[in-house]
Amino acid sequence: MKQRIGVYICHCGGNISDYVDVEQLSKLIANEDNVVISKDVMFACSDSNQKEMIQDIQEKQLDAIVVASCSPKLHTHTFRNVALRAGINPYNYVQVNVREQCSWAHSDTPLDATVKAYGLIRAGINRVAYSEALENIEIEAQKAVAVVGAGVAGMRAAIELARLGNSVYLIEKEEQVGGRVAQNGKLFMTGEDGKALTQRLLNEIKSLSQINLFTKATLEKVSGSIGNFFLDVNVDGNLLKLNVGAVLVTTGFDFYQPAANEYGFGQTQRVITLQEFKQLIENNTNELIIDGRPVKNIAYIYCVGNRQSKGPNRYCSRFCCTAAIHSSIRAHEKFIGVKAFHFYRDIRTYGKQEILYRQSSLNDDVYLKFEEKEPPVIEVDNGYPVVKVKDYLTSKKEIILKADLVVLVTGMVARSDSGQVSEKLKIPIGNDKFFNEIHPKLRPVETVINGVYIGGACQGPKNISESVQSALAGVAKINALLKKGKIALEPIVARVNAEACLWCGKCAEVCDYDAIKPLEMNGKMVAEVNVVTCKGCGICAPVCPSDAIEIAEYSNQGIESMIAGFAAKAEIKQSETHHKEEIKHTQVGMKEYPEEW
Amino acid sequence: MPTINPNFANEIIKFGAKDFNLCFNCGNCTAICSLSTNDETFPRELIRYSTLGLEDELKSSLKPWLCYYCGECSTHCPRQANPGELMMSLRRWLTAQYDWTGLSGLLYKNLWAYILAMITVLGATIGLSYFSGYS
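Chain order of the listed sequences is S and Z. If you want the numbering used here, it's the 1-based position in the first sequence plus 234. If you want the numbering used here, it's the 1-based position in the second sequence plus 1087.
Note that these hints are calculated values from the structure, not bench results. Owing to the predicted nature of the structure, the values given are computational and were not obtained by experimental measurement. Each residue gets a CB set at the ideal place from its N, CA and C atoms; glycine is no exception. Hints may contain errors.
When the alpha-carbon atoms are kept at most 16 Å apart in a straight line, the in silico EDC-like pairs for lysine to aspartate or glutamate are as follows [said to hold, decoys possible]:
| hint | chain 1 | residue 1 | chain 2 | residue 2 |
| --- | --- | --- | --- | --- |
| 1 | S | K622 | S | E605 |
| 2 | S | K261 | S | E805 |
| 3 | S | K667 | S | D488 |
| 4 | Z | K1101 | S | D598 |
| 5 | S | K631 | Z | E1132 |
| 6 | S | K630 | Z | D1106 |
| 7 | S | K631 | Z | D1186 |
| 8 | S | K631 | Z | D1143 |
| 9 | S | K603 | Z | E1144 |
| 10 | S | K630 | Z | E1144 |
| 11 | S | K631 | Z | E1142 |
Just a few of them, taken from the derived set where beta-carbon distance is under 10 Å, the chain S residues facing chain Z [as the list claims (entries may be wrong)]:
| hint | residue |
| --- | --- |
| 12 | V529 |
| 13 | Q542 |
| 14 | D598 |
| 15 | K603 |
| 16 | K622 |
| 17 | I634 |
| 18 | L635 |
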């Protein structure tokens, strides 16, 4: 129980003090039990205030601090460092959010905002009174990484990881490396051949001794956790055991496969997917020929299997507009007299890919727009497809095109075997079956499983540059993690009271991270928490029938005292500033404006 | 139902149109046109018909004849698709369609035929004036 607590309430330069009466609060808080010092400060996070806090802690021999300012997401680390520098444990500090939760949320009722802030600060004081000194959990980490999937993203990541001094195990399911990129001919914008590109990466991989490449290899079993994963890999029938510090998953994607008779698919060999069309361009030399007859008029139908408002693939696949237009330009360059008709919903050749759209317009490509509710209909006449569409650019007139070839522009979907990988590595998957990151903007390559990262199109549709970018972001994260050889983990994890535990297994059942396992101790089974995999989410604590499990920093006692602190009666006086605030309100009321306004 | 004619664009280009396929259907030309009304909208519609090669729609339309080629649409086209020039070319193409002799089509499309015709007209004028006694 902490008895010398220091409380700092921040003005945030008016962000808080304009609505919450921080001066009055700091005076009231000074009378609370165990509070030795209570101050209101202009900017709690400023250097000068940090120095003052350290001075206070040392002079007044404080054993815990509470900072009432902004969200803990912003400054938890700042004030933990202050505590550390002043010589107290960083976990004897509690952040109370009176900006987002009080002044900003209740700016229309300043008095209530002040009352709420008072409650929250008292809850924080009670919580810090029960806080313990905790040490980070430090573990040894293997300087080895497993990269799953040797497509362009995986190969590129393996090379960089090796160059940074990690040993790399590159695991590829197929016999050949290179994945989808190796199936491509010329690529936009460099004009480089896809096959040549992946071959170059393969040569580089072979020249690096730190990379062990396994083809025809699949992940069989995964155990262990961050710093020490144990992988069983099946390499062409032989079992291989690996010990790695982190795993980068770059398993890629599948192309959407049109259903039978979707836009006439399967009815005639003159309806093909974009991938098949790319092969056709590569395989034909001077003239585009199908079934012994030349192809002149090509219809491209966009968004096949994508952007379905009712189907499983809700969104745009990002790469397909560019890929289709690039293919149509390639066909125009290679074969004389080929004319392209693009049946599209929206053209999304974003960024530099816009150049392709302009080029295709200069090639006299024709664009016809349809909507999802009125898609083109394809009828087969004598083996030739006839496309009927309501063209939204020609006042929704029904228009017919007698085509020689229909190319279905299909997008990316999650791999059909993505479930197997996610099951083994415990990576959460979304409704779209792609792997999920922690936060799409702020933590885009990390998964909720510590030490498991995702890169490339296994996360969602991406083009080649975007795939490589995300894989390299994963490389940077992994290298930062493994560089020291040791990993420090947050000590806020679940703890078991072995005497009270009866091992009913309920906690293990609800745990999303497989962190709880039974252990025999003094002749009975009790729950044991793997502190490395535990996230401290707290889901195990309420299900325990004998209250034998709790989270560090969130003991029952601590939580109950917080509730008591928040619920205690507050006597806040309406201050003068609030009066002014209210008068201002009535002054700007609409009815007060002169009539001629 | 109207069927796309993939060769029409090449035909109209012979009558002077160019780059009209750069059009991305923004409608700026129709918005800026002082003669286009809510009931009679052009030139975007005619660009669209020309792109798709809907000849029947073009032949039955009076809109090409409403245009007096002020050039506002071409000035304001964000894609330099030159709608004004297309309207002019459509009038030439229509004239050639009405003319059963095929002579006007020949004159519009073939520079040498045009020059030869001019020389003939000039020669005939000079010849006539000579024989009728003017000097």
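Each hint tested on the structure:
1. S:K622 x S:E605: 13 Å, holds
2. S:K261 x S:E805: Holds, because 12 Å separates the two Cα atoms, which is no more than 16 Å.
3. S:K667 x S:D488: 11 Å, holds
4. Z:K1101 x S:D598: 15 Å, holds
5. S:K631 x Z:E1132: This hinted pair holds, its Cα atoms lying about 11 Å apart.
6. S:K630 x Z:D1106: It is violated: about 24 Å lies between the C-alpha atoms, which goes past 16 Å.
7. S:K631 x Z:D1186: 29 Å, violated
8. S:K631 x Z:D1143: At roughly 13 Å apart (the allowed maximum being 16 Å), D1143 of chain Z and K631 of chain S satisfy the hint.
9. S:K603 x Z:E1144: 19 Å, violated
10. S:K630 x Z:E1144: Measuring from Cα to Cα gives roughly 14 Å; hence the hint holds.
11. S:K631 x Z:E1142: 14 Å, holds
12. V529: The hint is violated - V529 of chain S has no Cβ within 10 Å of chain Z, the shortest such distance being about 12 Å.
13. Q542: Since chain Z brings no Cβ nearer than about 25 Å to Q542 of chain S, farther than 10 Å, the hint is violated.
14. D598: Holds, about 5 Å.
15. K603: Hint on K603 of chain S: holds, closest Cβ of chain Z at ~8 Å, below 10 Å.
16. K622: At about 7 Å, which falls below the 10 Å cut-off, the nearest Cβ of chain Z leaves the hint on K622 of chain S intact, so it holds.
17. I634: Holds: closest Cβ of chain Z sits about 4 Å from I634 of chain S, inside 10 Å.
18. L635: Hint holds; L635 of chain S Cβ to chain Z Cβ min 5 Å, cut 10 Å.
Violated hints, in rising order: 6, 7, 9, 12 and 13; the structure is consistent with all others.
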